[in-house]
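First to last, the sequence lines map onto chains C and W.
Using numbering that gives the first Met the number 0, you'd call the opening residue of the first sequence number 0 and step up by one each time.
Using numbering that gives the first Met the number 0, you'd call the opening residue of the second sequence number 0 and step up by one each time.
Honestly, the hints are just simulated from the structure, not real lab data.
Computed from a predicted model, the values in this text were never measured in an experiment.
Keep in mind that the hints are not guaranteed to be accurate.
[Stated by the list, open to error] Below, a sample of chain C positions facing chain W; criterion: calculated Cβ distance under 7 Å:
#	residue
1	S63
2	K72
3	R74
4	L84
5	L88
6	L100
7	F177
8	V233
[Claimed, not checked] In silico lysine to any residue, SDA-like type, Cα no more than 25 Å apart, as pairs:
#	chain 1	residue 1	chain 2	residue 2
9	C	K134	W	L112
10	W	K402	C	G36
11	C	K134	W	E400
12	W	K402	C	L14
13	W	K402	C	E195
14	C	K134	W	A202
15	W	K402	C	Q245
16	W	K402	C	N35
17	W	K402	C	R73
18	C	K134	W	Q264
19	W	K402	C	L247
All C-beta atoms in this analysis are idealised placements derived from N, C-alpha and C, irrespective of residue type, glycine included.
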Amino acid sequence: MLEVRALTKRYGALLAVDNISFTVNRGEVVGYLGPNGSGKSTTVNMVVGLLEPSSGSIALDGRSQDEDPIAYKRRIGYVPEEPYLYTHLTAAEYLTLVGRLRDMPQHRLDRDVPELLRLFLLWDSRYSTMAAYSKGMRQRVLLAAALLHNPDLLVLDEPFSGLDVNASLLFRALLGMFAADGRMILFSTHRFDMVEKVCSRAVILSAGRLAAEHRVPDERDGHSDSLETLFVRVTEQEDYRPVARQILDVMQHA
Amino acid sequence: MSARFRERPAGLLTRHFFRALFDFGVFTQEGADAFVRVIIGLVALLISLGLLLVYMYAKKYAALFAAATGEPYAQALLADMTLAIALPMWIVALVTVLVSHSLFPDETDFRVLMPLPIGQRLVFGAKLLALALFAGLFTLTGHVAITPLVMRISAGRWAIDAPLLGVIAFWIASVTASVFALLAIVAMNGLLIAWTPQRHVHALTAAVRSAMLGALVLLLPFVTALPTQSLELAQHSRLLLLAPPAWFMGVERVLLGHRDAYFLQLAQLAAVGLASVVVIALGSYATLYRRFDRVMLHSFGVSRRRARRCVVAENPAGAAVRDFTAATLRRSALHQGVVIGLSACGVALAMNTLLRSGMVTWLRGFDVSHREILGAITWIPFPLIGVLGIAARASLALPIEPKANWVFRMTERDAFRVDQLHAAERMITLFAALIPVALTLPIQWIVAGPRAIVASAMTAGFGFLWVEALLRDWRRIPFTCSYMPGKHTVAQSVLTGLSLFLIVSTIGSAIETASLRGPSSTPVLVIVAVLSVVALALRRRRRRKWREMPLVFDDEWPSDVQLLQLS
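Just chain C, same shape as in the assembly (with noise of 0.2 Å):
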């Protein structure tokens, strides 16, 4: 289980995250949501381990991350919101080079990379350098990588935007068996519609803070737009329709 517990975070006066706790247990895929500048990121920064909290703490099945980094990270996969990878290497040097980073044997590293770029659909495309590819396959790439090491906590910022509606299915289907053999996954984003499709519970952020935990209703519910309804309330976002007018208004009058 992932145990986040009074997760805080200042940049000098700044408080970009306060005060947040929230789980994800063992078989769950939770979905973490907020608007813009909510502190989203920053705790995705945090959970693995590219950020210092300035106070809380993060436990992996019991163990915290301060207690042994390293072997907390080594647990971990993660695909971060942009796809921020060295484009000047092939798929598979790229995928070599994390999975020795995480000191996998060579000779797995030779049996699954060029199986994952089959099946990530990318051996067409082998020896050309990441320069070439497009934003999904990127994407795809860092998904692979941050299955490689096969990891027991998945943490996904974003991960299928510039996937095509192929990819997106496999994806899902993915995740879904991943969290149902055990295992962990946070993943955020902005997109309701995935978060009600692929997680069994949401955590809203609002301005830092945690505003609202919800368990997302089964599609067969028929409740499939609660959560919008949820998060709207929560963040205390304003009704855009006004707003929309305005926009329009503005082009109509140029």
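We have chain C already, so just place chain W on it with the hints.
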């Protein structure tokens, strides 16, 4: 640019492209600001060097004007005028090669600008104008720096032409020469981009740009040796018909009304050369203009042989960084350019020393002062050690895709750090110690026989010490840490570096000379042993520090408060 032009799309685009010529895409905002300060410092240095040249030439020309006849002056003038034309030409060629990634509209321009309601003609026109402004800036700086020298050598007792006319003719001929240099580089790049198979264009252009940079730097000793060619010029040497600066010296002479057949031939060559590069450069632009969509959307392929890497027996994290370093140096034009360009500076300095010592003449069997040659062969290891080491370190310090370094941050482990940092150590050792030994040992062997081995041991000793100096504060995985150039002012860095270099090279050269000439090698071997022990102790200390301290991923300005680091 007028205010009205600046506000129009053409003006905005030109400014955008002009700024992009100073942007290598690897710096953070702070790094980019620091880089602009470095450029300003270099321009100031260039103008100061121009004034220094006047001072250096004042004595020579005072003597020439005091001579009984005007013949020595006339001979020297031709050679020095060729040098005055060659220097700005070289500077323009160098900066054009440095920005050759931005000479033509690229894929980003295509993807970002083409969907906007602006014509392709505007994009190409703005790119050309930005390039002209950029080259104009350096052409102007180069000529402003060199004009005092031209004025000094054009006016005097034996002056053949009116000084003012001489300066005007020089500016016309020399600016044309700089334009030729610019267009020659553009033409070469244009041919590559337009006609290379799309799959290989990226790798090939990167390799050719690095080669051009290396060649240009290696040409510098020949450029500075031009004043020694006065007799060859006066005797109308056929060999100088191959030197473009001499062509434009011919133009300058013809402009001043000299109708000598040799000058006319040189001027004709200049005209043909200029016309050729104009046609090829414009032709490349036209080809790219017509095939913009097809040429720009190329794929970046790697050779299939490279894609199959060897199975390694070392620590996987160390092997990962080693392969990452090798792939980056193979494929990144910028990193390749830095390492090849700077290394070529060291090689050029060494070559220059050997040429001036009379080594070539000695090899041909003529009698030359053995002392001079010995001095040269024992001194050349030091510019090689110093500059090649700096080249390797500078290249490794420049980041590539800085935001992608999260993968290294996430996988950092105390146990792997030394193996990962070993990639940097290996490359700097190769450049600062092993290559200098490999380059100088055969030359020293030819001159001094088997005793060259002792001298080479000394070279290696100094090389290993320099490796430790370069890696003193190094805690970066190659290419992954943000970089801010110019943490110290250019003048301060140049002065400190030169002073240190002069002290070390003088002492080192003296010891190496002793090893080649002295009655016994024992004292030198003792010094080698001491150097090795010191280098080993420093290495052990550095590696202990590497195990204890975390990696650095963000470069910072040096703190005002310098910590003593006692613990």
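Evaluated hints:
With a cut of 7 Å, the hint placing S63 (chain C) at the interface with chain W is violated, because the nearest CB-to-CB distance is about 18 Å. For K72 (chain C), the shortest C-beta to C-beta distance to chain W is roughly 6 Å, which falls under 7 Å, so the interface hint holds. Look at R74 (chain C): its Cβ only gets to about 12 Å from chain W, farther than 7 Å, so that hint breaks. Annotation: interface hint on L84 (chain C) holds; nearest CB of chain W at approximately 5 Å, less than 7 Å.
Nearest Cβ of chain W to the Cβ of L88 (chain C): about 6 Å, under the 7 Å cut. The hint holds. Annotation: interface hint on L100 (chain C) holds; nearest CB of chain W at approximately 4 Å, less than 7 Å. About 19 Å separates the beta-carbon of F177 (chain C) from the nearest beta-carbon of chain W, more than 7 Å, and the hint is not met. The closest approach between the C-beta of V233 (chain C) and any C-beta of chain W is roughly 31 Å, which is over the 7 Å cut-off, so the hint fails.
Taking the CA atoms of K134 (chain C) and L112 (chain W), the gap is about 19 Å. The hint holds against a cut of 25 Å. Of the supplied pair hints, the one linking K402 (chain W) and G36 (chain C) holds, its CA atoms being roughly 20 Å apart against a limit of 25 Å. For the proposed pair K134 (chain C) and E400 (chain W), the alpha carbon gap of about 16 Å is at most 25 Å, so the pair holds. With a CA separation close to 24 Å, the supplied pair K402 (chain W) and L14 (chain C) stays within the 25 Å bound.
Between K402 (chain W) and E195 (chain C) the alpha-carbon distance is near 31 Å, which puts this suggested pair outside the 25 Å criterion. Proximity of K134 (chain C) to A202 (chain W) is assessed by CA-CA distance (about 22 Å); at most 25 Å being required, the pair is judged to hold. Distance check on the hinted pair: K402 (chain W) and Q245 (chain C) sit about 37 Å apart at the alpha-carbon level, beyond 25 Å; violated. Restraint check for K402 (chain W) and N35 (chain C): the C-alpha separation of about 20 Å stays at or below 25 Å, so the hint holds.
Proximity of K402 (chain W) to R73 (chain C) is assessed by CA-CA distance (about 21 Å); at most 25 Å being required, the pair is judged to hold. Of the pairs offered as hints, the one joining K134 (chain C) and Q264 (chain W) is violated, with about 57 Å between alpha carbons and a cut-off of 25 Å exceeded. Between K402 (chain W) and L247 (chain C), the direct Cα distance comes to roughly 37 Å. Violation of the 25 Å bound is thereby established for this hinted pair.
Hint compliance for this structure: hints 1, 3, 7, 8, 13, 15, 18 and 19 are broken, all remaining hints hold.
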